[in-house]
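Chemist: So the chains spell out like this:
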Amino acid sequence: MNFDKELDARGLNCPLPILRAKKALGEVGSGQVLKILSTDPGSVKDFAAFAKQTGNELLSTAEAGGEFTFFMKKK
Amino acid sequence: MDTKKMAIIATKGTLDWAYPPFILASTAAALGYETQIFFTFYGLQLVRKDLSVLKVSPLGNPGMPMKMPFGPKWFKSINWNMPNAIQSLIPGYENVATALMKQTIANNGVATIPDLRELCQEAEVKFIACQMTVELFGFEHSDFIDGLEYGGAATFFEFAGETDICLFI
Chain A
3 MNFDKELDAR GLNCPLPILR AKKALGEVGS GQVLKILSTD PGSVKDFAAF
53 AKQTGNELLS TAEAGGEFTF FMKKK
Chain B
77 MDTKKMAIIA TKGTLDWAYP PFILASTAAA LGYETQIFFT FYGLQLVRKD
127 LSVLKVSPLG NPGMPMKMPF GPKWFKSINW NMPNAIQSLI PGYENVATAL
177 MKQTIANNGV ATIPDLRELC QEAEVKFIAC QMTVELFGFE HSDFIDGLEY
227 GGAATFFEFA GETDICLFI
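As given, the protein sequences belong to chains A and B, one line each in that order.
Residue 75 in our numbering sits at position 73 of the first sequence, and the numbers go up by one each step.
Residue 165 in our numbering sits at position 89 of the second sequence, and the numbers go up by one each step.
Just so you know, the hints here were simulated from the structure itself, not pulled from any lab data.
Quick reminder that beta carbons are idealized off the backbone N, C-alpha and C, glycines included.
There's no promise every hint is true.
Interface residues of chain B toward chain A, partial, derived using beta-carbon atoms under 7 Å [as the list claims (entries may be wrong)]:
| # | residue |
| --- | --- |
| 1 | Thr103 |
| 2 | Leu107 |
| 3 | Ala182 |
| 4 | Val186 |
| 5 | Thr188 |
| 6 | Pro190 |
Calculated Cβ distances over 10 Å to all of chain B for the following chain A residues [unchecked claim]:
| # | residue |
| --- | --- |
| 7 | Lys7 |
| 8 | Asp42 |
| 9 | Thr56 |
| 10 | Leu60 |
| 11 | Thr63 |
| 12 | Ala66 |
| 13 | Phe70 |
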């Protein structure tokens with residue numbers, strides 16, 4: 003998937019992946035896509051909840067070898 | 077849509093209990109909440125300039141696992157339960173427990189309290205310190221970080237009365 007910015011939140015634990023994502027979303031324009039890498043298993047539910055509450059769209063969630071990849075489109 | 081609001085009363089002054097208010101406030105801010113924390117009684121320690129005052133004590137805290145943050149896996153999994161009477165006799169026991177806790181925090185990619193507090197401030201979480209407890213405990217305003225407001229219960233209610241979430245920690 004195409005993306006405009008990448009955030010490496012691997013090794014970080016709650017609530018840092020969300021806080022960093024919020025900051026990174028502030029640095030892209032509306033409609034642009036942020037790719038997020040995380041190793042926090044809690045981040046799967048957290049990013050879904052974050053998207054639901056902020057109106058940013060979670061385009062996809064994938065897991066491979068304990069690593070999670072999210073694509074989020076800025077509102 | 078109106079902006080959602082959250083108010084927290086932070087009353088605990090230990091390293092472990094410093095986490096919930098700052099984690100929740102920073103996350104709320106990231107979710108777009110207007111957020112305020114009212115620091116009172118021991119919670120005032122969380123807004124001191126010098127955060128090294130924050131310690132964790134396993135004494136009288138049966139819920140706290142005492143595990144080593146280093147060594148092989150079998151060693152790390154041992155829970156070093158120690159009777160309260162012995163803990164209380166060992167000088168510096170709290171300092172050792174605090175150092176081990178800080179190492180465990182770093183090992184797990186958990187943010188430090190100074191970092192979380194700064195993230196809250198960057199996200200414009202409003203900090204209010206209870207003026208009454210500042211005086212009660214003999215603190216000076218110079219003991220605390222900049223950007224604090226000082227007020228009392230009525231100040232808290234002014235904002236808390238309009239919130240969607242209000243927590244006592």
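Chemist: Mind listing which of the numbered hints don't hold for this structure, in increasing order?
Modeler: Hint check: 3, 5, 6, 8, 9 fail, others pass.
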